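Participant: Given next are the chains, with one letter for each unit.
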Amino acid sequence: MVSYFIRRLLIMPITLFGMTILIFLMLQLLGPEARSALYVRDIPKNAEVMRGIIIKYGLNDPIYIQYWHWLMGRNDPDTGKTIGGILRGDFGFSRSASRPVAELLALRFPATVELTLYAIIPIIIIGIWMGVTAAVHQNEWIDQVARVFSIVGYSFPVFVFGILVLMIFYAQLDLFPAGRISDWVMMTNYTQYTHLITIDALLNLRFDIFFDALRHLVLPVTTLAYTSWAAFLRITRSSMLETLRQEYVTTARAKGVPEKDVVNKHARPNALIPVVTYSGLTVAALLGGVVITETIFNFQGMGSAAAEAAARYDVVTVLAFTLVAGVIIIIANLVVDILYAFLDPRVRLG
Amino acid sequence: MSVASQSTPVLPETAGMEPDIELRKIGRMERLLGPEFYRIFRGVFTNPLSIIGTSLILFFVLVAIFAAQIIPPSSPTNPYMIPRDGFGTAPLPPGTAWLRQAPPLPFWWKPLTGTDKWFHILGTTSGQWDIFYGLVWGTRTAIFVGVLIVGLTLLIGIIIGAIASFYGGWVDEILMRFTEIFMAFPFIMAALTLSAILTPIMGKGIWPPTIALIVFGWMYYARLIRGDILSIRERDFVTAARVVGASDGRILVRHIIPNAIYPTLVLASMDIGTYVISFAALSFLGIGTEVGYADWGQLISFARNWIPVLSQYWWIVIYPAIVLILFVLGWNLVGDALRDIMDPKLRGQIRR
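Order-wise, the sequence lines are chains A and B. Numbered by the working numbering, the letters in the first sequence go through residues 6 to 355 in order. Numbered by the working numbering, the letters in the second sequence go through residues -4 to 347 in order.
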């Protein structure tokens, strides 16, 4: 297992390096004028000034020098300070949001974390439960329900689902609001420890805020979760079906193990190993899904910020967001792989 | 001994006799399609769900082919631009008379409706774009984009996956790391980013999102085909081809890929629907085709500003939604059946 970990950890920096290269190459598709957002806030109207900026910040330098500066930052000849450099956490300026990208990211990040966390919980719990149950009762009604769910889940585009849900529960029934939080909460003073509103509200013992935040979360969480949930359900089901056909399960049944134990103790743990691997992909799917979900529900998170920036061709911003999302996914995959190694005896003992 | 003593040769005599084992009858269809395709063909047309799926796909293909007969373009030079009935913002309900830029009457109009005046069959969306026109001509866009994206991602995926698995070693290592890098980004977000980069360069249209979806889509096929080739590479017929002296390229193209490609093709067939969704999602986010282009995602995006009053203006989202869902459902139902036919292990294959 040690060699597995070493290999796995060695791959990570290579992947990260490759990701920065890919993002940087996409950045290079832009002209130097658009790239100037890495260092200066506004596009100067005057062409002469623009030319000055391009020379000053070396936006036409050889590509490897630009890459190095993009990574590590460069000296600003005017102030003498170091500016830029994604490794320093400086992603340049978001012209669509008129503030530094890092600031926008810090502002929008907690909302997305909250949304995704609440989405993951039902995906995992209900997805696994339903998948296992559907497999155990193959071709019975619960399996048919699961099948319908997963086909609907695949065929319903997220944005259509989101709009329909809003149309029914917001416009028609007025059960759930849109946005991230009601206006009155914005005016309320309460200590923000984590910027995850539900958790902050609980820490402040403000249950009214907590329920308001929760009400705002219901629709976006459902919209974000259902596609991944359908996929999760399907994977769990087929993996469980395959495990139940294994000979050791037959052995367990033959020696008189109660069916409940056969399912829970013998089959399920092994059936869930591929499901764990899949959960890494679920994180990727969710981080992609927030772009659409947050936009529809006007939920002020990373995804809607990326969509707004993209619609205004503010590429420096979108690229930064994509890179951050990519890094999160890489970390999630690492966690999943380590978990996998612990769960799968073939790796653990190999 | 008695056989040896016979004067006539053995072979011609036995050739005329009935064999001991009963051979399965091979129909004309099976002979025509070959065993593999025949199995797929039979599976698709005996499963009720996949029959529904195939009919849906067929329906959409027919709509795409006969778009100009169903609703002739107002401006024949640019049929993909949805004709606008004025510039008012509030959507008009289904059945409202079409006053400006009405297209010429198609042959079926008079017999079916009894009038010779156009009206908006499915209403107009915000900005007075006719929904029916957008849906019919949008079918062409959807099928074109879906087939093109899947075709090209498949091609790239097969090339990379085949090279990686066939040569193995460090070639494989490098190509797989390369694949992982592309997979590390959330699909929609990466595609959105690349379209936002390409749109100012190439201008608005179907190309920026199409290219972006291809660039971030091929990896899934590459990984799948790589795995399948790895298991086929060691088979005897490959060794045989090598012994005969066939070149690497010939072994790969003539012997390995035809045997490894089926699971990937199945995944690809389902992905036409998925890519059409992704394309529509990018349009929905405001990246992609120019305003007024016949494209389902954009039709739905017109509803974005009307969400609080959607229950009043339901037609601007319901009709496009139904069409998009049926389209995707068609591909998914067929793909589902194909998956069961091809390979039970492929069940639950990873998709976005």
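Derived from the structure by calculation, the hints contain no laboratory data. One or more of the hints may lead you astray.
Example chain A residues on the side facing chain B (calculated, C-beta under 7 Å, incomplete) [claimed, not checked]:
no., residue
1, T25
2, L34
3, T84
4, G85
5, T87
6, P162
7, G293
8, I333
9, I334
Only a predicted model underlies this, so the values are computations on that prediction, with no experimental measurement involved. Just so you know, even glycine gets a beta-carbon here, dropped at the ideal spot from N, CA and C.
Participant: Using the nearest Cβ pair, does P162/A come within less than 7 Å of chain B?
Facilitator: holds (4 Å)
Participant: The hint names G293/A as touching chain B; please verify it with the least Cβ-Cβ distance against 7 Å.
Facilitator: holds (3 Å)
Participant: With a cut-off of 7 Å on the beta carbons, see whether I334/A makes it to chain B.
Facilitator: holds (6 Å)
Participant: Tell me if the interface restraint on I333/A is satisfied: Cβ within less than 7 Å of some Cβ in chain B.
Facilitator: violated (9 Å)
Participant: So, T25/A near chain B? Judge it on the closest CB pair being under 7 Å.
Facilitator: violated (10 Å)
Participant: Classify the hint on G85/A as holds or violated, based on whether any CB of chain B lies nearer than 7 Å to its CB.
Facilitator: violated (33 Å)
Participant: Can T87/A be said to touch chain B, with a Cβ gap under 7 Å?
Facilitator: violated (26 Å)
Participant: With a cut-off of 7 Å on the beta carbons, see whether T84/A makes it to chain B.
Facilitator: violated (30 Å)
Participant: Interface hint check: L34/A, Cβ to nearest Cβ on chain B, cutoff 7 Å. Holds or violated?
Facilitator: holds (5 Å)
In terms of the numbered hints stated before, the structure departs from hints 1, 3, 4, 5 and 8, listed from lowest to highest.
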